[in-house]
Amino acid sequence: MSPDRKRFACDACLRRAALIARLAPRIVALLDRPRPRLHGLLALEEGELLAAVAGDRAEALRSELRRFDAGAERERLACAGVAGICRHDPDFPALLLDLDDPPAMLFVRGRLETLDRLREEPAVAIVGTRSPTPYVTEVAYSLGRGLGAARVPVVSGLALGIDATAHRGCLDGRGLAVAVLPGGPDVVYPRRHRALYERVRENGVVLSELPPGARPYRWSFPARNRIMAGLARMTVVVEATDPSGSLITTDFARDLGRSVAAVPGRVTSRFARGTNGLLKDGAVPITGTEDVLDELFGAGARRSPRAAGQPPEPSDPVLARVLEAVERSGSVAMIAEAAALSTAEARAAIARLEAGGYLVRRGLEGWERALGAPILPGP
Amino acid sequence: MLACVATFALEGVASHEVTVEVDVRRGLAAFTLVGLPDRAVRESRERVRAAVLNCGLEFPQKRITVNLAPAHVRKAGPGFDLAIAVGLLGATEQVPGEALGRYALYGELSLSGAIKPVRGVLAVALGARRAGFSDLLVPEQNAGEAALVEGIEVRGVSTLDRLADLLHGRWSPGPALPKVPEAPDERSEDIDMADVHGQEDAKRALSIAAAGGHNALMIGPPGAGKTMLARRLPGILPAPSFEEALEVTQVHSAAGLGNGSLATRRPFRAPHHTISAQGLVGGGNRPQPGEITLAHRGVLFLDELPEFSRAAVDALRQPLEEGRVEIMRGQRTLEFPANAIVIAACNRCPCARPAENCSCTQLDASRYRRRLSGPLLDRIDLVCQVDQVPHIELVGDGSGERATSAEVRAGVARARELQRRRLDRTGALCNGDMDGRLTRAMVPLVAAPTARMLAARERLDLSGRGHDRVLRVARTIADLAGHGEVEAVDLDEALSYRLDGLDLVAA
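First to last, the sequence lines map onto chains A and B.
My numbering puts the last residue of the first sequence at 379; the count rises by one with no breaks.
My numbering puts the last residue of the second sequence at 886; the count rises by one with no breaks.
Derived by calculation from the structure, the hints in this document are not laboratory data.
You may find that some hints are simply not true.
If you only want the chain A side, here are some residues facing chain B, beta carbon under 8 angstroms, derived [stated by the list, open to error]:
(1) Ser131
(2) Pro132
(3) Ser331
(4) Val332
(5) Thr343
(6) Ala351
(7) Arg352
(8) Glu354
(9) Ala355
(10) Gly366
Beta carbons are placed, not taken as given, at the ideal position from N, Cα and C, and that holds for glycine.
Work out the full structure, taking the sequences as your base and the hints as a guide.
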């Protein structure tokens with residue numbers, strides 16, 4: 001398929017997407033807590049949808065729909081630089097059709113040719129809390145990066161915290177990043193992720209079921225989650241409390257019969273209650289990129305290039321001693337004592353280990369052993 | 380009859396000459412004071428009247444006009460009393476007018492005629508020398524301080540009638556001797572580096588900070604000893620030179636601190652985090668030096684840095700970059716010296732618990748770190764850790780092999796001497812003073828460290844400014860070790876103190 005191939009968006013699907021965008025403000029009221037599900041709302045036919053949601057505006061909307069001009073809509077998309085792909089298009093990700101309520105349209109920005117890869121390779125959704133602890137941030141980054149480097153597309157939601165970190169990891173691993181947005185494909189949410197959005201757009205795809213310009217609504221977050229779960233063969237939750245949006249995504253994944261995986265958290269931590277709960281219910285425990293790859297492709301069938309080379313232990317005995325000490329304590333004084341060095345020597349060794357990719361700086365708290373060796377700059 | 384007397388007005392920590400003109404002529408009895416006096420100056424009329432009368436001198440029942448020239452500068456404080464009184468005595472020919480020309484006077488009067496000590500006498504003495512006066516008369520208690528200035532004869536006088544005797548030539552006290560503490564080498568034994576158990580990392584970082592004049596940030600839980608360590612930094616800095624000591628004394632004298640003798644110790648200031656921007660860098664209606672100026676040539680310690688107001692921390696930008704504070708007042712600009720090493724301290728995270736029990740989410744932590752960022756962090760060269768010392772170490776006998784302040788100071792002094800020679804005629808005194816351009820010129824890297832630096836920049840996300848900071852610190856570490864060129868191990872250690880990349884994986 002060539003990138004300039006004419007994409008097919010049928011009038012009916014375009015009209016349905018426009019209708020949902022028109023109804024968007026009214027859907028909010030129909031959600032319930034704590035895990036707002038759409039209860040098949042988006043699976044309804046046009047007429048039923050109008051009857052269920054539109055209320056007194058139904059007649060006005062109906063006449064508006066009758067006048068709907070698909071040609072003008074296509075022009076509008078072209079102006080916005082957005083490709084519209086309907087579910088009848090061969091490019092439409094087939095996995096999404098497993099949903100009871102697949103989106104009629106996907107509005108896509110970015111490198112459209114990568115949609116092929118999304119069909120050929122099983123994708124993984126990485127989701128989690130918006131305010132992660134530093135430890136899981138590293139895990140999310142490393143998973144994103146490892147999967148990216150193993151040519152596994154990484155799907156996430158561009159949200160704060162885990163989502164963004166997974167995207168970054170995937171991009172740094174030169175992988176295919178797929179961001180599913182809660183608003184239109186040109187509406188960056190949260191806005192502070194503008195730079196990340198651009199990176200994803202340049203190296204992967206940004207997509208949404210809502211047409212350009214649509215703002216996100218409360219209901220569109222769980223709706224977006226169903227698309228993430230639908231696109232991915234496997235959903236990995238890195239850290240989530242309970243209730244949480246990530247658990248909505250795993251509910252969808254379960255309903256679709258896709259694998260659900262979680263990164264084990266501290267049993268005492270309320271921040272990990274959601275993920276630990278998933279594990280108790282039988283989710284696949286994830287301790288690294290390999291666990292994900294093994295689950296997707298069978299044990300050992302595919303390795304991440306970084307995983308293939310777990311960093312060789314440093315050959316210098318002093319560095320090896322310091323590295324071991326760092327794993328026990330982040331305190332320079334204790335590292336120095338354990339390695340029988342002065343703090344000055346210990347610091348010099350730490351800097352060399354850091355520059356060598358063995359250690360990462362952990363904010364203000366010192367150092368931690370890096371998860372796997374860094375990927376060498378690729379072609 | 381007209382008499383003119385020279386005195387000095389304190390402005391910031393410096394002084395400028397003010398001529399007190401007293402005109403006494405026949406007319407309705409009145410005492411007018413002009414030349415933008417503030418309240419304290421205006422009230423000096425009452426003090427002068429009472430002091431003159433109580434000394435058994437005559438207060439004329441005539442029309443008295445006193446002008447403080449230059450007339451456009453605001454005059455503040457009680458230091459003009461003495462000059463006004465002596466001008467009055469000269470104008471009424473109670474003291475010989477011709478004697479007044481060579482003297483500058485400065486002091487406050489009490490109603491009894493006693494001359495009371497005032498602030499800022501050192502600044503006045505420096506001003507008087509600059510203005511070319513050969514003699515300065517000051518309150519007796521301030522004479523030792525004023526005499527620190529060479530090239531001007533200072534005499535201390537205790538009362539107004541003694542002063543009249545002196546001007547008449549009936550009494551001639553010898554010039555005052557400079558007040559220098561008896562044993563200037565006697566460092567305070569009570570706070571020594573050797574008192575601090577453990578904390579090797581922070582001690583090392585502080586000795587690098589001292590050796591290179593670098594600002595540092597200490598990170599550690601509350602109660603781990605950050606303040607205790609910072610307090611010991613002045614003790615490992617080389618003793619101030621005479622000029623530096625004079626600058627310190629001048630600042631402290633103008634601020635009303637100090638005991639009037641030469642400051643032989645470097646100041647240590649630890650303002651509370653509720654301080655205002657004005658309190659930190661100086662200012663006010665009558666500009667007063669701020670904490671950074673009071674810490675001039677010494678150490679400014681900012682504990683709980685994230686708790687300081689944004690405005691206060693931002694105000695430190697100019698002093699940290701230029702070593703001085705400029706304060707605009709109307710059309711004039713005042714300058715305060717402000718060359719201090721800044722040591723800041725903060726917790727690892729907002730909850731301040733050890734890493735194992737930390738309950739902070741990344742959002743909390745990054746919010747906390749954001750409060751840290753800003754111009755101050757750009758000037759911090761070193762970050763070090765202060766850990767909770769295990770109790771077992773605290774109960775040790777304490778004799779151990781811990782280096783004393785004097786030992787550390789000796790190493791610091793050697794490193795500073797190397798820097799002084801290298802930086803001769805560059806305007807910088809120590810590595811911490813070097814700007815980016817000078818750093819790159821002064822710290823060439825030979826092959827091995829260059830490769831390290833390139834690798835580090837590749838992997839560690841080191842910014843250009845961060846690169847310069849690492850070079851500066853590496854140079855100081857090499858100076859401490861006596862290495863002629865920066866070696867790879869110096870550079871490695873310097874890299875580990877860097878502050879860059881704090882938010883490398885932040886959301």
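Are there hints from earlier that the structure breaks, and if so, what are their numbers? When the structure is compared with the hints, none of them turns out to be violated.
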